[in-house]
Amino acid sequence: MKRRTFLQASTALTISFSLWGTRTFMNSSPKDGDTDGSPQPSSLDSWLAVSADGLITVYTSKVDLGTGVLTALSQIMAEELDVSVHRIRMITGDTDRTIDQSQTSGSRTLHKAGPQLRQASAAARQELVRRASLQLHVPAHSLTVEDGVISSPTSGSVSYWQLIGDRHFDLSITASGSGADLNVAPDVPVKNPKEYRIVGKSVPRVDLPAKFSGEFVYSHDVRVEGMLHGRVVRPNDVLSEPQFVDEKSIADIPDIVAVVRKGGLVGVVAKTEWSAIQAAAQLKIIWTQAATTVPASPDALYYYLANAANFAEQVVADKTAHASDLTHPLNRKTLEATYQWPFQMHGMIGPSCAVADVHNDRARIWTGSQGTHRTRKAVADLLGFAERNVQIIYAEGSGCYGRLCPDDVAEDAAVLSRAVGRPVRVQWMREDEHVWEPKGSAQWIHVEASLDENQKVERWALTDHYFPYTAGVDTRLLASRQIGMPQTGQGNLGHGFAYGKAGGGDLYAFPNQHIVSPAVPWIQNDLTPLRTCNLRAPGTIARTFASECFMDELANIAKMDPLEYRLSLPMNDERTRETLMAAAERAQWKSRLLRSDPNNTPSAKGRGVASANRDGTVVTAIAEIQVDTRSGAISVQRVTIAQDCGMIANPDGVRNQIEGNVLQGVSRTMFEEVEFDGRSIKNSTWASYKTLRFEDIPEVDIVLIDRPELGFLGVGEAAIIPVPAAIANALFDAIQVRLRTVPLTAARVKAAVIRQNSAKP
Amino acid sequence: MRLSLKVNGKVRSVDVHPSTPLLYVLRNNLGLNGPKFGCGLAQCGACTVILNGRAVRSCVVPAERAASREITTLEGLGSSDRPGPLQQAFIDEQAAQCGYCINGMIMTAKAFLDAKPDPTEREIKHALNGNLCRCGSHLRIVRAVRRAARIGPTKKPSS
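Chains H and C, in that order, give the protein sequences. Counting from 1 along the first sequence, just add 52 to a position and that's the residue number in this note's numbering. Counting from 1 along the second sequence, just add 1243 to a position and that's the residue number in this note's numbering.
Chain C on its own, in the form it takes in the complex (with noise of 0.2 Å):
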C-alpha cells in the first residue's frame, strides 16, 4: 500500500504495509539510519522519532499513523558539516562513546528542550530517564543538553 510521509518537511511516497512500525520505513524505505534498532518494545530509546513535536518511539508506531503528521528524524536537525545547535553541543562536549543510543538522547533532548528551554539538571535527567547508554556517556549528555539549554531553544539550521 502507498502511504504519503512528510519527513524532515519534505513529502515522501512508499510502498509499504500500513502496519509496518515507522522505525523500519525509515531505514529501509527511505534509507534514514539515525533511528535505530534497539528493542522493538519501546523501551530503550534508541528508535526515537519527533512526531507533530512528540518524541515517540518509532519502532511501536505504525507507519500508517504517522501518515500525515510532521516526521523529524536527527538527519532534520543537521549534518556532520552543518550539525545543528543541539548537535553541536553534542560535538562541543564529545558526548558519547559507541553512539547506537544517541539518536535517541538528541531526539527526546529537541522534543524536550522545544517545551522545556530553560531546564534544570533535574528535569534534563527526568526527560532522558527512559533512554539506556550502556556506555555510561550520561554525564556528558545532560552537559550537552544543559550547553544547548543556555545556548537557547534548539531550531533547525538554516539551510
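The following block holds chain H by itself, in its conformation from the complex (with noise of 0.2 Å):
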C-alpha cells in the first residue's frame, strides 16, 4: 500500500469520531494506489495512525449504528496502547481509508473486530517499544508505558508522539482470511486481561455530548458545497411504473432543479428542500395498473407459508439416538402447536438519506450504510463505475437495527445528482422509509415433541418457514430495480444466511432433534414493500417465542412450574441454567404451579420466563405483567435479564443495549404488525404503525455475569430474544390463555379470553 498522506488537502468534508464530539476536517489521502482502492490490512499503517499531537487515528469499517460500540472498540485499543481512552478518534467506513472488516452486523462487532484491533494495536505497541529501547539503549523490557509515554526506570522516557508522530511506520504485519474473519497480527503478545484497566469500565459513550447539543453530524447534517435537494416519488402499489409524468402539475411551485425520471425511477431536484418536499407531493403522475403479488392480507400470508411446498429445504439440527426415531412414535404421547410471527418494520425516527456528489466518472457519497463497501459495490454497478471510483463514507444515521434504507438512499442520490450534475441530497419522507423499508420477514413455526412414560421429551422437531432476503443480499437495491437494472443473485434462497437453527430449542439436550429452516420464495426481484431484510436477532427472536412457548405448554403437560420444569432439563450449555437461577433469585421468582382461576378478578398478574443463546451470548427474561381481562389489554410491568456476554467492556454500555432490548422486544411483542391488502402495505404513518411509547414501558432489571475468559461475545440483539415468550407465557400463567400469534393486542386475548369462557361447562 502506498503511505497514508497526512494533513493533505483535498477538497473531502469528512467525519471523524472522537472525545470531543464530531468534527468535520480535511481529508487526507486520495487514492492509495490498489487495485479497489482499498488500503491492505497487511500494513500496520493501514490501521492506525499517530499523530504529533498525542492522537491516535484508527481506521476500521465498523460503524457505530447508534449502540455505542464505538466508544467500546476504542476502550479495546486504548487498553492495548496504553494510552488514555481520550487520545482515540476513529475514521469509520470509509471505502477509500479502512479496511473491510465486513459490515456492522449480528452482534459480531466486538467479538469479531475487537479482536482485530486489538491485535493491531498490541503491533503498534510493540513496535513503539522496540523503537524506544533502541533510543534509550535499554532493553524493551525494561520499559513501561504509561499514556503513550515510554519510559526506562534508568535512562529517561520518550512518547509516542515523538517517536511516530505524524510519520508512517512502514511496518508489515501478518493478515490472513478476509472481512469479519480477518485473523490480524495473531503473533503479536497481547495483555493479560486480568491487567485490563480501561476494558471493564463504564467510559462514557463518547458521541452523546455533541448529540445532546446539536454538534454531532449525522448523516442527516451533511452539507457540502452547491448541494441541492432531492426528493424521489415512489408510487403507492406495487409493481407500478410511471405511464405519464405531468412537469406542469408543479410549475407552481419555485426553485425547482429538474424532473429526472430514469427508467421506472422519478425524482425531483430543488434549491431548496421544501420545494423538493413540495414538488415530490405534487408532480402528477400517472402510473400503471399494478398487478400485484402481494398477499391480500396477514393471514392469507401465513396460509401461503405454512402450505408452501416447494422451497430448499435446509436441515440444520438434525440428532437421533437413532433413525428409526424421528417418526412418530406410536405409542408416544405427541403435543404440537404452531406459531405464527408477523412482518414488522425496523422503523427508523430518522427516515434515509444521503448525499451524493457524482460527477464524470467518479462519486462520492455519504450515507449511514451498515456496510459501506457493499453499498460501494451496489452503487458502482448502477452507475457503471469501477468500485474504486466511488468512495462511499459512512455518516452516522438514526438507528436502524437490521440493513435498511441508506443503502437505496444513496442510490437515489447518486441518480437525481447524476443527472443534475450538482451534489444532492435526498432525504426520505416518512412515507417512503415506512412503505418501502425492507421489512423483517414473517415466519410461521410449527412445533412437536413426543413425550416417554415419564413426561419426558424423547423427541423434538421445529420447522420454521420464512421467507429468505430479497433486499441487500445478492439482490438489486430499490433504484436499481426501479430502473430495470438485470438481477444478479436469487437473494440468499437456499444459502441459510442469517436463519438457521438458532431459538428452535438448540438451548436444551434432548434425545433425538430435528430443527429445519426452509426458505420459501418469496418476491426476489420485482418492486414490493414487502422485500425482506435482516431485522433485529432476525429468525431466533420468532423460534425463540415459538420453542420457550412451547416448553411452557409441555410444564403445564408435566404439572410443573414453568423455572423448574426447564431446569430440570438436560441442556448444551449450562451457562443457560446460570442465567435462569440468576434471574429468578433477582425476580424472586416462587415456584408453584398455575393460578386456579384467575378470571375471577378484572386484573390479573402474570410472570413468564424465557431464555436465549445468541452465538454464545447467553440470556434469560422474566416478565411480569397484569392483564385487564375485560379489555384484554396487557400491561407489561417489569421485565428482569440475566446475561452472559463473556466480557464485558462496558458495562454501562451493555445495560444500556440491554434496556434497549428489551424496550424494542416488548414493543414488537405487545403491538408491530405490518399490515396489507393485495395492492400496498397500509401502515403508511406512524399513526397507523404503533411502536411502544414512555406510558407503556416496564421497569428493566438487570443482572449481568461476567466471563473474562470467553472473550466478547455479542450484545447488541441478545436481550431482545426472549421477551416475547416470557411475555406470552405470563400472559398463559395470568388467564390461561395461550396466543400464538405475535402482537398480542388487547383484541386478540379478549377474543381469546371470549373463546376460552364460553367453551367453559
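Fair warning: there could be bad hints in the mix.
Said to hold, decoys possible - Facing chain H, from chain C, some residues (calculated, C-beta under 7 Å): (1) Asn1276; (2) Cys1282; (3) Ser1323; (4) Phe1333; (5) Gln1340; (6) Leu1382; (7) Arg1386.
Just so you know, the hints here were simulated from the structure itself, not pulled from any lab data. We treat Cβ as the ideally placed atom computed from N, Cα and C, and that holds for glycine.
Please dock the two separately framed chains into a single complex, following the hints provided.
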C-alpha cells in the first residue's frame, strides 16, 4: 500500500469520531493505488496512525449504528496501546480509507473486530517499544508505557508522538483471511485481561455530548458546497410504472431544478428542501395498474407460508439416537402447536438520507449504511463506474436495527446527482420509509414433541417457514430495480444466511432433535414494499417465541412450574441454567403451579420466563405483566434479564443495550405488525404502526454475569430474543390463555378470553 | 421573502417562502442541526423547538408564524463544552443510543420542566408520551428528566 498522507488537503469534507464530538476536517489521503482503492490489512499503517499532537487515529470499516460500539472499540485499543481513551479517534466506514472488516451487524462487532483492532494495537505498541529501546539504549522488557509515554527506570523516556508522530510505521504485519474473519497479527502477544484498566469500565459514550447539543453531524446533517435537495416519488402500489409524468403540475413551485426520470424511477431536484418536498407531493404521475403479488392479508400470508411445498429445505440441526426415532413413535404421546410471527418494520425515527456528488466518472456519497463496502459495489454497478471510483463515507444515521435504506437512498441520491451534475441531498419522507423499507420477514413455525411414559421429551421437532432476504443480499437495491438493472442473484434462497437453527429448541439436549428451516420462495426482484431483510435478531426471535412458549406448554402438561421444568432438563450449555437461576433470584420467582381460577379478577397478574443463546451470549428474561381481563389489554410491568455475554468491555454500555433490547422487544411483542391488502401496505405513518411509548414502558432489572475468560461475545441483539416468549408465557400464567400469534394485542387477548369462557361448562 | 426570526436570543434574517415550515429554515438557512426531520406530520417529536415557552413541532409550523416570537432550539440550551443542566442530566444518565430523537426529548422536557419543575415520574412519562424513540432509551430519558427536576428548574447556561 502507498503511504497515507497526513493532513494533505483535498476537497472532501469528512467526519471524524472522537471524544470531543464530531468534527469536520479536511480529508487526508487520496487513492492509495491498490486495485480496488482499499487499504491493505497487512500494513500496520492501514489500521492506525499516531499524530504529533498526541492523538491516535484508528481506521475501521465498523461503524456506530447508535449502539455505542465505537466507545467500546476505543477502550479495547486504548487498553492495548496503554493510552488514555481520550486520545483515540476513529475514521469509520470510509471505503477509501478503511479495511473491509465486513458490515456492522449480528452482534459481531466486538466479537470479531475487537480482536482485529486489539492485535493491530498490540503490534503498534510492540513496534513503538522496540524503537524506544533503540533510542534509549535499554532492553525493551525494561520499559513501561503510561498514556503513550515509554519510560525506562534509568534512561529517561520518549513518547509515541515523539517517536512516530505524523509519520508512517512502514511495518508489515501478518494478516490472513478477509472481512469479519480477518486474522490480524496473531503472533503479537497481548495483555492479560487481568491487567485491564480501561476495558471493563463504564467509560461514558464518546458521541453523546455532541448529540445532546446539536453539534453531532448525522448523515442528515452533511452539507457540501453547491448542494441541491432531491426527493424520489415512488408508487403506492406494487409493480406500478410511471406512464406519464406531468411536469407542468409543479409549475407553481419555485426553485425547481429538474424532474428526473430514469426507467421507472422518478425524482425531483430543487434549490430548497421545502420546494423538493412540495414538488414530490404535488407531481402528477399516471402509474400503470399494478399486477400485484402481495398477499391479500396477513392471514393469507400465513396460509401461504404454512402450505408452501416448493422450497430448498435446509436441515440445520438433526440429532437422533436412532434413525427410526425421527418418525412418530406410535405408542408415545405427541403434542404440537403452531406459532406465527408477522412482518415487522425497522421503523427508523430519522428516514434514510444520503448526499451524493457524482461528476464525470467519479462518485462520492455520504450515507449511514451498515456496510459501506457493500453499498459501494451496488452504486458502482448502477452508475457503471469502477468500484475504485466510488467512495462511500459513513455518516451515522438514525438507529436502524438491520440493513436498511441508507443503501437505497445512496442510489437515489447518486441518480439525481448525476442527472443534474451537482451534489444532491436526498432524504426519504416518512411515508417512503414506512412503505419502502425492507421488512423483517413473517415466520410460520410448527413445533411438536413426543413424551415418554415419564412425561419427558423424547423427540423434539421444529419447522420454521420463513422468507429469505430479498433486499441487500445478492439482490438489487430499490432504484436499480426501478431503473431495470438486470438481476444479479437469487437472494439468499437456500443459503441459510442469518436464519438457521438458533432458538429452535437447541438450548436443550433432547435425545432426538430435528430443527429445520426451509426458505419459502418470495418476491425476489420485483418492486415490492414487502422486501425482506434482517431485522434485529432475525429468525431467532420468532423461533424462540415458538420454542420457549412450547416449553411452557410442556411444563403445563408435566404439571410443573415452568422455571423448575426448564431447570430439570438436560442442557447443551450449562450457562443457560446459570442465567435462569440468576434471573429467578433477582425476580424473586417463587415456584408454584398455575393459579386455579384467575378470571375472577378484572386485573390478573402473571409472570413468565424464557431463555436464549445468541452466538454464545446466554440470556434469560422474566416478564411480569398485568392483564385487564375485560379489555384484554396487557401491561408489561417489569422485565428481569440475566445475561452472560462473556467479557464485558463497558458495563453501562451493555446495560444500555439490554434496556433497549427489552423495550424494543416489548414493542414488537405487544404492538407491531405490518398490514397489507393485496396492493400496498397499510401502515404508511406512525399513526398506523404503533410502537412502544413512554406510558407503556416496564421497569427493567438487569443481572450481568461477567466471564472474562470467554472474550467478547455480543450484546446488540441478544436480550431481545427471549422477551416475546416471556410475555406470552406470563399471559398464560395470568389467565391461562395461550396466544401463539404476535403481536399480543388487546383484541386478540379479549377474543381468546371469550373463546375460553364459552368453552367452559 | 425576508423574515426576521429571534432564535436562541439572537435576531436572524432569512430569505424564505413564508409558508416554509420552521424546521427547514432552522436547519438549512440557519445551520441549526439540533431539530431533526422525523415524519413531517407532527407524529414523532424529533423536530421539537420551543416557541414562546411552548414545545412545538417545527415540521408543521410555518416560518412566518414563528416571526416575532422567541424560538429556542437545542443549541440554545448549551454546547457539548458547556452543556445546560438538562443536557448535563442526559450526559450523566447516558440517556441515548443513536440519539436521533433526543432533540425532541430534551426540548419537550425543557418546556415541561419550566412549567412544572417538580413533576412525578408518571407526569414525566405523560409529558413525553408523544415523542417516539426506536432504540428503547425511554428508561434513561425518564431518569435524566427526573435528575434535572431534582436539580431544579432548567436554566440557560451562563454565557
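For each hint, the structure was consulted:
Contact between asparagine 1276 (chain C) and chain H, as hinted, is supported at the beta carbon level, the nearest pair being about 4 Å apart and thus within 7 Å. The closest approach between the C-beta of cysteine 1282 (chain C) and any C-beta of chain H is roughly 4 Å, which is under the 7 Å cut-off, so the hint is satisfied. Interface restraint check for serine 1323 (chain C): the shortest CB-CB distance to chain H comes to about 4 Å, inside 7 Å, so the restraint holds. For phenylalanine 1333 (chain C), the interface hint holds, the least distance from its beta-carbon to any beta-carbon of chain H being 5 Å, beneath 7 Å.
The criterion of a C-beta within 7 Å of any C-beta in chain H is met by glutamine 1340 (chain C), whose closest approach is roughly 5 Å, and the hint holds. Proximity of leucine 1382 (chain C) to chain H holds as hinted, the smallest CB-CB distance being about 5 Å (cut-off 7 Å). For arginine 1386 (chain C), the interface hint is violated, the least distance from its beta-carbon to any beta-carbon of chain H being 10 Å, above 7 Å.
Hint 7 from the earlier list is the only one contradicted by this structure; the remaining hints agree with it.
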